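Okay, here's what each chain looks like letter by letter:
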Amino acid sequence: MPTVFYLNDSLVRAAASPGVLALDYIRHECSLTGTKEGCKEGDCGACTVLMGEREGDTVRYQPVTSCTLPLGELHGRHVVTVEGLNLPDALSPVQSAIVDEGATQCGYCTPGFVVSLTALLLDATKTLSDDNVKYAIGGNLCRCTGYRSLKAAGARIREGVESKLTPDRVASLVNAGAIPAYFATMARKLAAIESPASPAPARTPAPSGTAPPPLLLAGGTDLYIQRGDRIPDQDVVILNRLPGMRTIEERDGRIHAGALVTFEQFMQSAQLRKIMPALHDYGLLMASWPIRNRATLSGNILNASPIADMVSLLLVLDSELTFRSGSAKRSVPLRSFYTGYKTYDMRPGEILEAVSFPVPAPGTLFHWEKVSKRRTLDIATVNTGIRMRMNGGVIEDAAVSLGGVAPVPLYLEETSRFLTGREPSVETVLAAIDRAQAECAPISDVRGSAGYKRLLVRQLILAHFLTLFPEELTMERFYEAS
Amino acid sequence: MKHLDAPLHVQGLSQFTDDVRPPRDMVHGVVFGSPVARGVIRALHVEEATASPGVVAVLTAEHIPGNPLFGPIIQDERLLAQDEVAYVGQPLAIVLAETRADAVRARALITAHIDEQEPQFDPRAAYDRGDIIGKPVAFAMGDVDGVWAQCAHVVEGSCSIGGQEHVPLETNRARAFPKEDGQMLIWSSTQSPYAVQRAAAKILGVPENKVEVDVKRLGGGFGGKEDQATHWAVMAAVAARHTARPIEIVLHREEDIRMTGKRHPYESDFKIGLDDDGLILAFEAKHFQNAGAFADLSMPVLERTLFHSTNAYFIPNVRVHAACCRTNLAPNTAFRGFGGPQGMFVIEAAIAKAADAMGLAPDQIQAKNLLRDGDELYYGQKTERCMMRRTWDEAAEAFDLESFRKRAHDFNAANFGVKKGFAVMPVCFGISFTKSFLNQAGALVHVYTDGSVSVTSGGIEMGQGLSTNLQAIAARTFGIDPARVKVEATNTTRVSNMSPSAASATTDLNGNAVIQAVREIRAGLLRVAGELLGAAPDSLTIAHDRVARDGKSTEIDWNRLVSEAYLRRRKLSAYGYYATPNLSFDHATNKGNAFAYHVYGTCITEVSLDCLRGIYTIDSVKVVHDLGRPINELVDLGQVEGGLMQGLGWMTMEDLVWDEKGRYTSGSLSTYKAPDVYFAPDDLDVRFLPFWENEPGPLGAKAVGEPPLMYGIGVYFALQSAIRAFAPDTALVFKTPMTPERALLALHPDWSPSPSADRS
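For the protein sequence lines, the chains are A and B, in the order given.
For the first sequence, the numbering used here begins at 5 and goes up steadily by one.
For the second sequence, the numbering used here begins at 39 and goes up steadily by one.
For reference, chain A alone in the conformation it holds in the complex:
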């Protein structure tokens, strides 16, 4: 069954394998070469496109890197490349701002910036503030400009466009002549695409000894990087075409997040931000906007990287994983899920359906830290989360996670237990650090030496306490004591 979608203003019926990369399809089959390949791993943003999903009479657009996007997921969607943003007789406000500020030099990264900045315009939840301009282009690398001119372009767009925006961004941008008129017709056109008969219902993999089971593909932000060359030849199940598994709900005192919830959805969730007030800032450190729009909870958990950012957060939330195989369900605590490097307790035929965790008591403290070579859009050297419930100045319950220091993302059992029942004093922190050091075993690699990682363990556990108890603890006092 072909993948039917709109590419800019044209209907495409793609017969190619669903695992083919959108980037390759757009460039080679559709000859739209404005979308550039820069790294094919989601790290440069030169291939950024808009992916539009119909929501009633309107279409919600998100920027995504087309180098981690399977063609098969585009069914019923509106994909917009830089060419699809071109107006008949003029440059768009985004385009002309970049021209006027001298914010394009070699031009190779430029289409990605145009798409990302247009995505910001199209996102009704976002103003055009300087911070949001960075938010929008945080996933786009430019090696020529130094970014000042790009930030200035953002400010120029704001001056020209912001006053014309209404909550219906598509309509107001069309009216303002900032995007092509065809955008206004897309909701109707997408509605006319036959919704796929429930595609590839979570197939039960073939019994062992026969054909290999199909590859389950969610956001693709890890799988395409690890084995992108092979995926187009493989039998894949595009999980994002399955219904459900994409909501965050509170039920019976627990938060239930579908396995396909994206990082962006997670960090923007009002419910979760009530629990973890700084969640949004953690999200900014985890990945860029286009990657967060793709990366899923299940992908982060099942990729099983020792430095998985989301896992280190989910560990301190005391998360439980729910697996389904046919109609059978099974639950596994995340803390005991990993059994070794990239190995875990998942059985053939199962799919990860949801992640859930208890709603923390009001006043529960949270903090999450990450250090990497580059502050944003980089892989952690060490990451760590902490959750503590206080009662009269005493830690009543604590959970600490630590990533990048062992073959698996660690839940620090000893350290967490140690903290319970103590006051957050310098002595407590020093002793907790000793226990954390005893629980981890970092190795030297491209992200840092073992000795450095151990120093980070100390520093970041200290950072948790300095952040959460600014009155009681100061860095100075800790350094005097240690």
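Just so you know, these hints were derived from the structure itself, not from any lab.
Just so you know, nobody snuck in bad clues.
Computed Cβ-Cβ distance ranges for the label pairs, DEER-style:
#, chain 1, residue 1, chain 2, residue 2, range
1, B, W730, A, S486, 56 to 64 Å
2, B, E154, A, K278, 56 to 64 Å
3, B, E85, A, P217, 30 to 38 Å
4, B, A89, A, P217, 24 to 32 Å
5, B, E194, A, S486, 32 to 40 Å
6, B, A573, A, A159, 45 to 53 Å
7, B, E422, A, P92, 50 to 58 Å
8, A, R250, B, E122, 49 to 57 Å
9, B, S601, A, D172, 52 to 60 Å
Calculated lysine-lysine pairs in the DSBU-like style (CA-CA distance at most 35 Å, straight line):
#, chain 1, residue 1, chain 2, residue 2
10, B, K699, A, K346
11, B, K217, B, K254
12, A, K168, B, K40
If you're wondering where the values come from, they're calculated on a predicted model, not measured in any experiment.
C-beta: ideal position from N, C-alpha, C; glycine also.
Once you've looked at the hints, dock chain B against the given chain A.
Leaving out everything else, chain B in the frame of chain A:
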């Protein structure tokens, strides 16, 4: 005036090498590189790959039709390795298939049996073994040995300077099209079309006139495509010859990082002597350049290190030694600054260490020793129209240098866990290829009868704004609207023997060649105008698309002038040629006028260091830079800001890491990090000296491409100053880049993991 190509870029309509719709029968090539860093090839099995679906051919060393050796200075490299390998990724075979996927699949079936030898990565060890490329070189002036005893302070130290991956957003790529009679057309993403033409001709075994190289634009080059675009273009040509089909080779990012050279890492030693007032009396440096496995451009890079080893300072007694040391890394190559940045880092390290020993602020020593007009540099050239002190003084005043000192002092006194630091970085950079013969350029200008103008030069548009500059130069020199001028792709059949687009000199050389061609055509047109008006041609000019007589507009507009010239059978095309005058550097004595002029500027960088986490923010970067009279200020501003950002990246997060087998473990953009928008300082303030005519430059402009990169060096010393504010006892270490790891460890010099805890 905007970038000429900007409207196309923002619409995604500008075409790069592989954006043109491919011919139907095009074959895709991928390269199989050596899995080991050093060894003797026993066997290379390509049979299985050859039989793989979709494969057209697999080429190895035996398929090279002509001379297999090439290289820009010394021809020591083979297109495909034979007998031995000397770095991981060294090309061994080219797999050609109907699709890239077929080629990649087949490549995995190739096996190489190589007897591994112990690879070498340490340039000092290579030097000690005598494993160097070319000869050691020394520049000297005065009596260094005699002066040490007179110095009140003599400080010695060493530096370990990291390399840098270019990361042009467009990786290396080429297409080759076989033509009649053994001819070959090559589209290459190269900064050096003639290097491609010359190498392709030799390797194909044909005269150079049978190879045509055409380059529309590059998605960034930064030196990485000065010489190392050649390999892939020539491979495409060899494959096109072999298959008689068009070939495309596009390197994947990881292939590009692993298979191509980078900015050279250096190990350097320094010794500096000063009097009690901080006046530098003598300086000595030894540079051990990590050249990688083959010569490539390492020797001229080394030479520029020698030229810039005292940066912006006058020092009466200088001796600098340097050697290209052979190691088993991919041959390191040109990168914006071309050896200059490494030379400058070392003198700045020496000043920082001397200041520390003397209890002075580094900028006190810097300011005291800045170059003055007429100073004789240790390579025998005297500074002319020297703007060094002027940019320093203007920066100190405009940005209030003392306020940086006060802010750091006050902030650091009030804050325990966050420290501020700042540093001043003056830059003096020589403009011209140091190989004098390269300082020549040609340009071809046509005027068509409808009044439109075509300009072809030997320079490459790679984002630096060359076409924008050339359009403006041609239009202003003619006296016409720039919209009439189209700047063409660069093509070896229209301009011959071009030098690489490099050394910051591309607009200087090619712009001056365009001026020569335009002047010739314009003179002929004014003679025609003189005939039409009955006036002496020298009373006439062209301005705003119209002939003017004694400064007053006449009825003859540009279109009429051009068509009259055509009807009167006058020449409407010209080939302009320019060679930089007054260059006279003697490589035997290492003395003479190596440069047409120098570029000057001063940068102040301020940082905040999170001493708990070892992470940092660049609060502000402030620059005063000398442009002469820019052709296009917006273009030049982009060059300053972009160069600066690459320098900041080089000094901080751009960390090239290889393992004991010589494999780059920072071999992708997930492990090799370049600056992003969040890293870039929000307060980036670049100002220019009042514009003035720089006589050697086209229309009074100064070159701008490379010098700003070296402003980035300041961030290292700003961070070091912040580290010292937190940890006064930590040793001054000059090891770049200053990653968060190095910063955190320097902040905690006494840190050692408690042995009981360390189970690793």
